[in-house]
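Novice: Please build the complete structure, drawing on both the sequences and the hints.
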Amino acid sequence: MKSFVQYVLCVIVLIAITYFFVPAFYGVNYPKPLGPEFDPAIRKVYEQKIDQTQPDIVLIGDSTAATNVDPVLLSAELNQKVDDISEVGAASTLWYLIIKNNIVTAKHKPAYLIILFRDSMLTTPDYRVQGSYFQQIDEFANNDDKLLIQLAFVNKMNWLEKLADQYLPPYGSRLKFRATIDGAMRKTAPRWLLQCEPACVDVALSKIFSADNFVSKIMSDAVNSANQYLYAPQNLDFEYQVDRSFLPEIIRLCKENNIRLILVRSKTFTFSAQSPAPRALDDYVNQFASYAARNDVPFIDLSDDPRLTRDLFLDPVHTNLTGRALFTHLLSELLAQYIR
Amino acid sequence: MNFVSLTFWVSFAALLVLYWAIRRKGFQNILLLAASYVFYGWANPWYAVMLGLSTTGDYFLSLGIKRNPARARVFLVLSLLLNLGVLGFFKYYNFFNAGLTGILTSLGLQGDFFLANILLPAGLSFYTLKKLGYVLDVSRGVLEPTEDFISFALYVSFFPQIVSGPIDRFQKLFPQFQQARIWKMDNFYSAWPLLIMGFFKKIVVADTVKIIVDRVFELEEPSKLLLIAAGLGFTLEILADFSAYTDISRGISYLLGFETTENFNRPYLSLTPTDFWNRWHITLSNWLRDYIFFPLRRALLKSRFKQTEWLVLSVPPIAAMFASGLWHGAGWTFVVWGLYYGVLIAAYQAAGIRGNWQPTNKIKLVLAWLVMFAFIVFGWLIFRASSLGWLVNVILHSVWINGRNDLVVVIITLSMTLFYAVPLTLKIFLDRLSSQHFAFSIYYALLTLGIIIFVSSASPDFIYFQF
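Quick mapping for you: the protein sequence lines, in order, are chains A and B. Once you know that position 108 of the first sequence is 121 in this note's numbering, the rest is easy, because the numbers rise by one and skip nothing. Once you know that position 242 of the second sequence is 370 in this note's numbering, the rest is easy, because the numbers rise by one and skip nothing.
If you're looking for bench data, these hints aren't it; they were derived computationally from the structure. There are no misleading hints in this set.
Derived lysine-lysine pairs resembling DSSO-like cross-links, with alpha carbons at most 30 Å apart: (1) Lys300/B x Lys312/B; (2) Lys338/B x Lys352/B; (3) Lys189/A x Lys338/B; (4) Lys338/B x Lys220/A; (5) Lys338/B x Lys175/A; (6) Lys120/A x Lys268/A; (7) Lys62/A x Lys268/A; (8) Lys159/A x Lys169/A; (9) Lys220/A x Lys352/B; (10) Lys492/B x Lys555/B; (11) Lys268/A x Lys113/A; (12) Lys352/B x Lys492/B; (13) Lys113/A x Lys169/A; (14) Lys169/A x Lys338/B; (15) Lys113/A x Lys62/A; (16) Lys555/B x Lys338/B; (17) Lys159/A x Lys268/A; (18) Lys189/A x Lys45/A; (19) Lys175/A x Lys113/A; (20) Lys57/A x Lys169/A; (21) Lys189/A x Lys555/B; (22) Lys15/A x Lys312/B; (23) Lys268/A x Lys122/A; (24) Lys200/A x Lys352/B; (25) Lys555/B x Lys15/A; (26) Lys94/A x Lys120/A; (27) Lys200/A x Lys338/B; (28) Lys200/A x Lys555/B; (29) Lys57/A x Lys268/A.
Specialist: Right, dumping it as structure tokens:
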């Protein structure tokens, strides 16, 4: 009894201390608005690039777009200037932010915007928003974007998380706490022992853990495992997900700025005869296609193209060089009907 | 349902209120049994169906042993076939996964659905050992089989234990199921430190160290030093992860008015391999000792090999540890890991260093600990490696250190491991103080703060779920 009461008092005192510590150290006052805190600055690198290169077509996607589509070849086949602004690890939240804060804000508006995505990626706003993905998102977001905070973060919180996020500094500012602890872990010992400063640590980590150094099967399994979230039953319920996603806003932004949006579903080998795709995926794709048609958005589905065979892929989602050329060619053939 | 999920705790709170409101032990047991089946069948109801069928099978087979002694051996063999057959089939699923899927697909069934969603029940290894121990005890006349189906089914499916143990004996839990239970605050006072410790070890230590450990073990060819650093990280991770589950399980059991067995007793302070297995996953070690090690040793001592001392010394531990390896999984890494401990125990015994061995001075103590700790870390390297080929390749062909970048990553891995080991090491010293000491309260308050900072809505599963 006594030790439990002492414990409760200690917890209260520690939390009270964080009420003073967090505002002083991290500049966040409590109670705070729901959702994560973003850095006020917004990266404008793609806006500048678009203004500089003045492309007709902008291609956006994740590493799949970067490996599967050859922008030079696409440009030659379509006879249009193509700019690829895909980011490794990106998903619908980051695409929405780049469209909103870089593409439509550019002085030069591209005529076409192509989004290359996989399966339910466009309607899962909480996919790839945590951990290191959060840092990527933070570069293109600030606290004014209420839609971002609501769709990508708040919608996934339960009542207890919402309460803790607003009123409990150790929870609400946990990302900042963790960044401080991780930073100390990563940087203190290398600095003391090897005079290796933070930049040197980042280089070391990226070199040792570069994709080339991993066992390919494990990498492939990891890609598959990370992708499984896209096929969770609730994420394949299109009607439920679409209004909770960035897709309507992406369509609206493009229409408002006279940019023709074209959605391209990429080919994947996540599933096989031994491990077939969930049946709900077919329903999802059908509903997705109808939704795109209703909104006058061209939808190209490369997922069933038999010419894209497994030997043309390095792993379930990324093509090799031969696959890249074929993928680009097939894409340009299908795009030709929409691009003049 | 995962212990580290809000769904579980909200459901558990509702269960707890109802459970203590009922007051009658018969209804309490029925409620617990229903809750256990809901918990177990949450991910897939087929899991619960399979559990129910196999529990019913063993219930009648054990009664058959008692009622029909002339055919006791037949009932025992049937039970062994049922339990070992099911366990063996599912454990070695990966070996025939592709073929079986093909057959199911050719029959027009969605093979993946059956195999991935039905044929891999979590916790099967744990409840199979519980049932096997029960039936073996009944057949040896050590235990009177119960006619109370509810209590037997509850013993097998008891939800705090079903997924990852502890593998408590029937003799430990059954008398508690038979007792009247009323709420006492002592239940809560015993539970809260275990729950906080468990959450801290899982959320803060295991899940954080796992990030860098997994990365190193996924590399094509890490340097030897990086492998050792990751091996140390995994040594911390697996203890934190598995003992966290046990702590939470024991905490939940206390809240329900039951006392369950401690599964870990500072295993990394062991001086010999036997000592290690007396401290690590204690309930599994006891099971292996009582149902494999001792029977085999007795059989050898009665056989014509009784004069061959090395055989009597080496076969039982090697067989028991081999079984332990197989129990952990179908991969060669697990088999070799089990055999490795079997050979180590035999070798230590041959050298005259038995389980109760104590060094005569402090230098010997430190040396014995260092040697044993090195053996433990090497054992975890075998256990964690993606394949034996990968580990052998790294040991034989990899360089010790691959330049400055590699050294930086080694230092980061070691500093992370050391940092997250501090709270667990501190606990060893705190345990020497009275539990009423103020230091305990501060310690647990700091752990709570750590949990709040590290908690995430997407916690990975406990490692031992896969066994």
